[in-house]
Amino acid sequence: MLAASCFFYMFFKPEYILILIFTIVIDYIAGIYLEKIEDRAKKRRFLIMSIIANIGVLAVFKYYNFINDNITGVAHLFGFSNHMPSLKMILPIGLSFHTFQAMSYTIEVYRGNQKAEKHFGIYALYVMFYPQLVAGPIERPQNMIHQFHEKKLFTYDNAALGLNLIGYGLFKKLVVADRLGVYVDQVFGNVDAANTSSSVIALLFYYFQIYCDFSAYSDIARGTAKFMGFDLMENFNRPYLSKNISEYWRRWHISLSSWFSDYLYTPLATAKRDWGKWGIIFALVITFLIAGLWHGAGWNFVIFGFLQGIALSYEFLTKKLRKRISAKMPKAIYNGGSLLLAFSYWTFSLIFFRSPTFTIAGKLIHKIAQMNFHFNLPQLCGEKGPLNLVLSFMVILALTLRFLLPRDMRLKYPAVFLTVITLAIIILGKDVAAEFIYFQF
Amino acid sequence: MSQQNSSISSFKLFLTRIIVPVILAAAIAGWLFQRVFEKKVILSSEICGAYKVNRIINENDSNEVPIFGASMAQGGCIPHILGSDYFNYGLDGTGADVWLFFLKEECKKEKHTPLIIMNFSLDGLANSIGDISNYIYNADCPEVRELLGKHYKAYFSMPIIKYFGQYETYFRYFLNDKMNLTKYTDRGAAIEKNKMTKERFAQLVAERIKNKAVFENDAHLESEYTELFKNNPDRMFVIIITPYHSSYFTNFKNYPDAQDFLHRLGEMKNVRVFNFGKVNYPDSMFVNTTHLNYDGAVRFSKELKDSLATLNY
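As you go down the protein sequences, you meet chains U and L in turn. The numbering of the first sequence is our numbering, which starts it at 38 and goes up by one. The numbering of the second sequence is our numbering, which starts it at 1056 and goes up by one.
Hint data in this document are derived by calculation from the structure and do not stem from the laboratory. Be aware that one or more of the hints could be misleading.
Taking lysine to aspartate or glutamate pairs in the DMTMM-like style, the calculated list, with each CA pair at most 20 angstroms apart, reads [what the hints assert, rightly or not]:
#1 L:K1250 x U:E420
#2 L:K1067 x U:D194
#3 L:K1333 x L:D1315
#4 L:K1164 x L:D1350
#5 U:K421 x L:D1232
#6 U:K280 x U:D268
#7 L:K1166 x L:D1315
#8 L:K1253 x U:E420
#9 L:K1159 x L:E1277
#10 L:K1360 x L:D1350
#11 L:K1094 x L:E1114
#12 L:K1217 x U:D468
#13 U:K365 x U:E352
#14 L:K1248 x U:E420
#15 U:K400 x L:E1254
#16 L:K1159 x L:D1338
#17 U:K400 x L:E1277
#18 L:K1265 x U:D229
#19 L:K1163 x L:D1147
#20 L:K1248 x L:D1232
#21 U:K421 x L:E1254
#22 L:K1253 x U:D229
#23 L:K1164 x L:D1116
#24 L:K1308 x L:D1350
#25 U:K421 x L:D1147
#26 L:K1253 x L:D1315
#27 U:K421 x L:D1289
#28 U:K155 x U:E187
#29 L:K1205 x U:D468
#30 L:K1360 x L:D1140
#31 L:K1250 x U:D229
#32 L:K1208 x U:D468
Residues on chain L that point at chain U, a partial pick, calculated with CB under 10 angstroms [stated by the list, open to error]:
#33 Q1058
#34 S1064
#35 L1068
#36 I1074
#37 V1075
#38 F1219
#39 E1223
#40 N1231
Idealized CB from N, CA, C, for every residue including glycine.
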């Protein structure tokens, strides 16, 4: 399994395996020492060393150019120049995912929640397990390491469930996400040609595109692992049903939000408990600024994170007030309104997630604010034709069919489901060779 | 041992309950769907590229006057204005290598009329396969496979999955052909019905002025064309250049080279050149700076008809 994982990773850029080996060796040794050493201060030093090694790799490969560009900008502002060269290299695939997974191991060993893994191969497999290596879910050692010690045998149930998940994941990626991407790319690539209608549609499509793209990868990862008898955590829990932004983060990219909650938000909030509610707000904003940066080295991601932090702070401060309002209103109206509001806010924040530059984000917001609903077919169709637009709405509607299937995807007649999904993919799928969006993170 | 046995029986169950039924059911349903789709959608829409490729290979109307080229031909020449025997084989996004393939197929045919219309671009002769969906239906034909070269994929010969990702393209052609939603269609021609807003057109003009236009011929293609014209003296090749918006010429690096090339071709016995490139058409007749809309296509087709009349065929 480890060899297969190495082969899988090296398929993208073979030399980058060395980065993985570096962090694996550091964290493996750190784990053993963290368990052995009794002295708390020494233990802490080992943990910090391991975290610095992991963050260091991230900083060099993912954030160096961003930091360097900003230093250059600030230096120019004050009449200085920055002679630090920019690095020309491709970001190692899934770096943020496996780095965070590796860090969760050392932190859990430090906290005493996980025994240090003595078998180097098994520890390496924990970091490199190929179904979730490049785009998560970001697993915890408590959930994964013991599974690698168990003997796995082929079972009909696992294989059937695994294929169901893979099939549904492929449907979401090839039929829904890639189709919506055609319209989204067109509008974001030429904002000047858009009007309010096409901008709003593009944003709505992007919401479903990114959800289907990322949750598809998680489904495929879970399905592949399940086929082999391994259980990965659920990463998405129908986020579109969220009634507020806090709930969004409990339903969207669960493995990342729970990672930040356990290892950053909770320690920060605890450390600042003297500040009362402002300590919570401080912890929320800092956590989401960093969560934004986790997604990419750019100010647009910082803004995305900041918007999340602000929304969560607002929800924290108005919790009691909202409870009082909800008690006085019909439940259906309050819940419906909350759902719509949360959906709109989340979708709006995605402008910064998707736009390659601030200028484009600004232009798109301006287009939406113009309220220009003048009917022009090429503009409305994002210059991609009415059939693409109609099919895009249809595939979004097709997602609702998921409610007809059991929540855990354990189907009575998997062969029927798999036949239908295979034909649907062949007939409705887009052949655009688009990578999974979250590969870039 | 018992664990191993249960694993083996589980695998057998998996094969008999899932893998075999799924493969069989998907293969039968997929094959049936494909047959119906090919007959009722792909081969029943004249503007579909796959239909045109199939028509040039497998059909022969001895009175037909073919029009070859890319989108400028497809959207600029209206067959019913030109005459009752014209058919527009223009394929969006294709280059001179594809037109040459069409020409070679055409020249193999026994015809009562020698006329062949070729739409050249002022960008010169370049290779471009265009949309791969044009060729999948005939992917097993040796000439098509040779044309596709490195673009050919093994799965183009596999039933059911050969059209993966392309069904929508064929269906779009079909809808446009039957319903004329966004395009006016006529014997292979597909002409844009929608008009650009003035603002959008102004943007396109500004973008065009910023970009440099260059005439550049692929030497190999140029010699192949010249050879083909020479080797088919019984055919009359009419080279046409459709009108361009004036902004196209603002930043044209070497227009005289394009003129020289057209002049060289025009000196051949069986080649005539009608260059409408610089004929001034109003903005309202363009979809963009290089392509005509319906109004423009109507005017151009009438003018082309008058020019063809001078040839006395």
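We went through each hint and held it up to the structure:
A hinted pair counts as satisfied when its Cα atoms are at most 20 angstroms apart, and L:K1250 with U:E420 qualifies at roughly 12 angstroms. For the suggested pair L:K1067 and U:D194, the alpha carbons sit about 12 angstroms apart, so the restraint of at most 20 angstroms is met. Annotation: proposed proximity of L:K1333 to L:D1315 holds, straight-line Cα distance about 15 angstroms (limit 20 angstroms). The straight-line distance between the Cα atoms of L:K1164 and L:D1350 is roughly 34 angstroms, outside the 20 angstroms bound, and the hint therefore fails.
With a C-alpha separation of about 17 angstroms, the suggested pair U:K421 and L:D1232 falls inside the 20 angstroms cut-off, and the hint holds. Of the supplied pair hints, the one linking U:K280 and U:D268 is violated, its CA atoms being roughly 29 angstroms apart against a limit of 20 angstroms. Among the hinted pairs, L:K1166 with L:D1315 is inconsistent with the structure: their alpha-carbon atoms are about 31 angstroms apart, more than 20 angstroms. Using a Cα cut-off of 20 angstroms, the hinted pair L:K1253 and U:E420 holds, with the two alpha carbons roughly 15 angstroms apart.
This hinted pair checks out: L:K1159 and L:E1277 have alpha carbons roughly 14 angstroms apart, not beyond 20 angstroms. With a C-alpha separation of about 16 angstroms, the suggested pairing of L:K1360 with L:D1350 holds against the 20 angstroms cut-off. Simply put, L:K1094 and L:E1114 have alpha-carbon atoms about 16 angstroms apart, close enough for the 20 angstroms limit, and the pair holds. Between L:K1217 and U:D468, the direct Cα distance comes to roughly 11 angstroms. Compliance with the 20 angstroms bound is thereby established for this hinted pair.
Using a Cα cut-off of 20 angstroms, the hinted pair U:K365 and U:E352 holds, with the two alpha carbons roughly 18 angstroms apart. Of the supplied pair hints, the one linking L:K1248 and U:E420 holds, its CA atoms being roughly 13 angstroms apart against a limit of 20 angstroms. For a cut-off of 20 angstroms, the pair hint linking U:K400 to L:E1254 stands: about 16 angstroms separates their Cα positions. Taking the CA atoms of L:K1159 and L:D1338, the gap is near 36 angstroms; set against the 20 angstroms cutoff, the hint is violated.
Of the pairs offered as hints, the one joining U:K400 and L:E1277 is violated, with about 46 angstroms between alpha carbons and a cut-off of 20 angstroms exceeded. A hinted pair counts as satisfied when its Cα atoms are at most 20 angstroms apart, and L:K1265 with U:D229 qualifies at roughly 16 angstroms. Restraint check for L:K1163 and L:D1147: not satisfied, since their Cα atoms lie roughly 24 angstroms apart, outside the 20 angstroms limit. Straight-line distance between C-alpha atoms of L:K1248 and L:D1232 comes to about 13 angstroms, which keeps the hinted pair within the 20 angstroms bound.
Taking the CA atoms of U:K421 and L:E1254, the gap is near 19 angstroms; set against the 20 angstroms cutoff, the hint holds. About 14 angstroms separates the Cα atoms of L:K1253 and U:D229, which keeps this hinted pair within 20 angstroms; it holds. Restraint check for L:K1164 and L:D1116: satisfied, since their Cα atoms lie roughly 9 angstroms apart, inside the 20 angstroms limit. Taking the CA atoms of L:K1308 and L:D1350, the gap is about 29 angstroms. The hint is violated against a cut of 20 angstroms.
As the CA atoms of U:K421 and L:D1147 are separated by approximately 15 angstroms, the hinted pair is consistent with the 20 angstroms bound. Taking the CA atoms of L:K1253 and L:D1315, the gap is near 35 angstroms; set against the 20 angstroms cutoff, the hint is violated. Distance restraint check for U:K421 and L:D1289: the Cα-Cα separation of roughly 43 angstroms exceeds the 20 angstroms cut-off, and the hinted pair is therefore not satisfied. Proximity of U:K155 to U:E187 is assessed by CA-CA distance (about 15 angstroms); at most 20 angstroms being required, the pair is judged to hold.
Of the pairs offered as hints, the one joining L:K1205 and U:D468 holds, with about 17 angstroms between alpha carbons and a cut-off of 20 angstroms not exceeded. Taken as a hint, the L:K1360 and L:D1140 pair is honoured in the structure, with Cα atoms around 13 angstroms apart against an allowance of 20 angstroms. A threshold of 20 angstroms between alpha carbons decides the hint, and for L:K1250 with U:D229 the separation of about 17 angstroms falls inside it, so the pair holds. For the suggested pair L:K1208 and U:D468, the alpha carbons sit about 13 angstroms apart, so the restraint of at most 20 angstroms is met.
For the restraint placing L:Q1058 at the interface with chain U, the shortest Cβ-Cβ distance is roughly 6 angstroms, inside the 10 angstroms limit, so the hint holds. At a threshold of 10 angstroms, the smallest CB-CB gap from L:S1064 to chain U is about 9 angstroms, leaving the interface hint in force. Against a cut-off of 10 angstroms between C-beta atoms, the interface hint on L:L1068 holds, since the closest Cβ of chain U lies about 5 angstroms away. A hinted interface residue such as L:I1074 counts as satisfied when its beta carbon comes closer than 10 angstroms to some beta carbon of chain U; here the least separation is about 9 angstroms, so the hint holds.
Hint on L:V1075 holds. Least Cβ distance to chain U is approximately 9 angstroms, under the 10 angstroms limit. Look at L:F1219: its Cβ gets to within about 5 angstroms of chain U, closer than 10 angstroms, so that hint holds up. At a threshold of 10 angstroms, the smallest CB-CB gap from L:E1223 to chain U is about 7 angstroms, leaving the interface hint in force. The beta carbon of L:N1231 comes within 9 angstroms of a beta carbon in chain U, closer than 10 angstroms, and the hint placing it at the interface holds.
Comparing the model with each numbered hint stated earlier shows that hints 4, 6, 7, 16, 17, 19, 24, 26, 27 do not hold.
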